[in-house]
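Protein chains in written order, with numbering that gives the first Met the number 0: chain A, 0 to 138; chain C, 0 to 120; chain Z, 0 to 173.
Check the hints yourself; a few may be wrong.
To be verified - Every beta carbon over 12 Å from chain C, so not counted as near; a handful from chain A, in silico:
| id | residue |
| --- | --- |
| 1 | VAL40 |
| 2 | ILE51 |
| 3 | VAL62 |
| 4 | ALA73 |
| 5 | ARG90 |
| 6 | VAL117 |
| 7 | VAL121 |
| 8 | PHE129 |
As the list claims (entries may be wrong) - Derived pair list, reagent style SDA-like, types lysine to any residue, alpha-carbon separation capped at 20 Å:
| id | chain 1 | residue 1 | chain 2 | residue 2 |
| --- | --- | --- | --- | --- |
| 9 | A | LYS11 | A | VAL62 |
| 10 | C | LYS35 | Z | ASN75 |
| 11 | C | LYS35 | Z | SER84 |
| 12 | C | LYS35 | Z | LEU106 |
| 13 | C | LYS35 | C | ALA67 |
| 14 | C | LYS35 | Z | GLY102 |
| 15 | C | LYS35 | Z | ASP149 |
| 16 | C | LYS35 | Z | ILE20 |
| 17 | C | LYS35 | C | ALA104 |
| 18 | C | LYS35 | Z | ARG21 |
| 19 | C | LYS35 | Z | SER111 |
| 20 | C | LYS35 | Z | LEU89 |
| 21 | C | LYS35 | Z | VAL120 |
| 22 | C | LYS35 | Z | VAL100 |
| 23 | C | LYS35 | Z | THR155 |
Calculated directly from the structure, the hints in this document are not laboratory data. Just so you know, even glycine gets a beta-carbon here, dropped at the ideal spot from N, CA and C.
As a plain string of letters, each chain reads:
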Amino acid sequence: MRLDVLLRIGAKLVLPFILLFALYVHFHGEYGPGGGFQAGVIIAAAVILYAIVFGMAAAERAVPVRWLERMIPAGVLIYLSAGVPALFTGRRFLDYSALGADAAVGHARGILWIETGVLITVASTMIAIFYAFAGRGRS
Amino acid sequence: MKSFQTFVETYNYLVTVFLMVAGLYVVIARGNMIKKLIGLSLFQTSVYLLYLAPAKIDGGTAPILDAAYTVYSNPLPHVLILTAIVVGVATLALGLALVVRVHEAYGTIDEDEIFAESEEP
Amino acid sequence: MPTLVLMVLLTLLAVVTIAIIRQRNLFGAVVLAGGYSFLMATVLVVLDAVDVAMTEASVGAGISSVVLLATLHLTNAREDRPAHSAGLPLVVALVVGAALVWGTHTLPPFGSADGPIHLHVADRYLATSLSETHAPNVVTSVLADYRGYDTLGETTVIFTAGIGVLLLLRGRRA
């Protein structure tokens, strides 16, 4: 029996709950502590745990680097796109009142929209930084 | 009791200044680049403390609105420091990437050794 | 009672800082920095800054430690004895410390509700956050709605740092 059986089984058991907790922190960021940044870092922590326990090859099969390269700017673009509908109705950029019939509903939608953009950018940046450090050979 | 009260208030700010000075000392006195970056992050966290201490109100609670509370801590420094924390870790990652490249180019990450090596004719 | 807890935690922070400075083995310094980050998150919870505490714990003790350990793996893990004496930096640090202590004299008393920081726009955000944004967490509504431009800048900074690290370190495989 290999010595890391406990680590592998424990990581496999815990990883889905970490991802679920990250989603909880993200969607409940308006009702309790949390938001896009914390959720993004928790998702990155889950992927880093998977990479540490199962090896870089398995992690790069699960979360390929090409996805990350596209997700980092995608998050910033999602953020920017939350401000564009306001321009079409004569308001200022990033005015969320244009995102819904009622101003308050529009603001709530806008907050969730940009937090999703922040989540995608932060999670993929942290994972990409870890891949870059861990994949570099020793001189 | 008044002097104890003032002691308590000054103690918080004294420890914040001590952490700041300790971080600054590590950055300027130690030559190892990783140690310098750790000292920089110590300095940054002490600045967060300096910003967040005045935001607390006695008898208040966290700024999450609820019908049971009327006094909340000031949310504006919290927002500012949230941004600062994430920007701090981004610059730490970039600094450490530069340290890795410096190590590959010079074989060492000690500042004094690099300067001595570059001064040789 | 919270003040006593705060004082004890701050004393622990100072002790851990001294340990980090004197620790010559960098692996030990990184682990102590992770412990420092968790202590700082606890201090922030006592100061009622719960959002900031969650961010500090996850980012400081999580990502920072991982990136520092990865760098230690790629370089050597020992700090040598400093080549020049520590006299001048110590004097500079003490002078800066004295100036800062003199500067904190005029800060408002800890926990007071009438310092200048509370007098301007914070009450307006606390009063209108629920009705204008349906978000009870005022920190999120200020971060994402009232001060949304700054968060856009912050996301761009994270993006730039990620691109920078990828440019520097992508290439040589293990």
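Decide if the proposed pair is consistent with the structure: C:LYS35 and Z:THR155, CA atoms, cutoff 20 Å inclusive.
Violated - the C-alpha atoms of Z:THR155 and C:LYS35 are around 26 Å apart, more than 20 Å.
12 Å cut-off, C-beta based - A:VAL62 kept clear of every residue in chain C
Nearest chain C Cβ is 18 Å from A:VAL62, so the label holds.
Given as non-interface: A:ILE51, which should sit over 12 Å from chain C by C-beta
holds, 17 Å
Least C-beta distance from A:ALA73 to chain C larger than 12 Å:
holds, 18 Å
Against the 20 Å threshold, does the CA-CA distance of C:LYS35 and Z:ILE20 hold or violate the hint?
At roughly 10 Å apart (the allowed maximum being 20 Å), Z:ILE20 and C:LYS35 satisfy the hint.
For the pair supplied as a hint, C:LYS35 and Z:ARG21, confirm whether the alpha-carbon distance does not exceed 20 Å.
holds, 13 Å
Does A:PHE129 sit more than 12 Å from chain C, CB to CB?
violated, 9 Å
Mind checking the alpha carbons of C:LYS35 and Z:SER84 for me, to see if they're no more than 20 Å apart?
holds, 16 Å
Evaluate the condition: distance from the CB of A:VAL121 to the nearest CB of chain C exceeds 12 Å.
violated, 7 Å
Are C:LYS35 and Z:ASP149 close enough, with their CA atoms no more than 20 Å apart?
violated, 29 Å
Minimum C-beta separation from A:VAL117 to chain C exceeding 12 Å: can you confirm that?
Label violated. Min Cβ-Cβ 9 Å, cutoff 12 Å.
Starting from C:LYS35, check that the Cα of C:ALA104 is at most 20 Å away, please.
holds, 19 Å
In the structure shown, a violation is registered for the earlier hints numbered 1, 6, 7, 8, 12, 13, 14, 15, 19, 21, 22 and 23, in ascending order.
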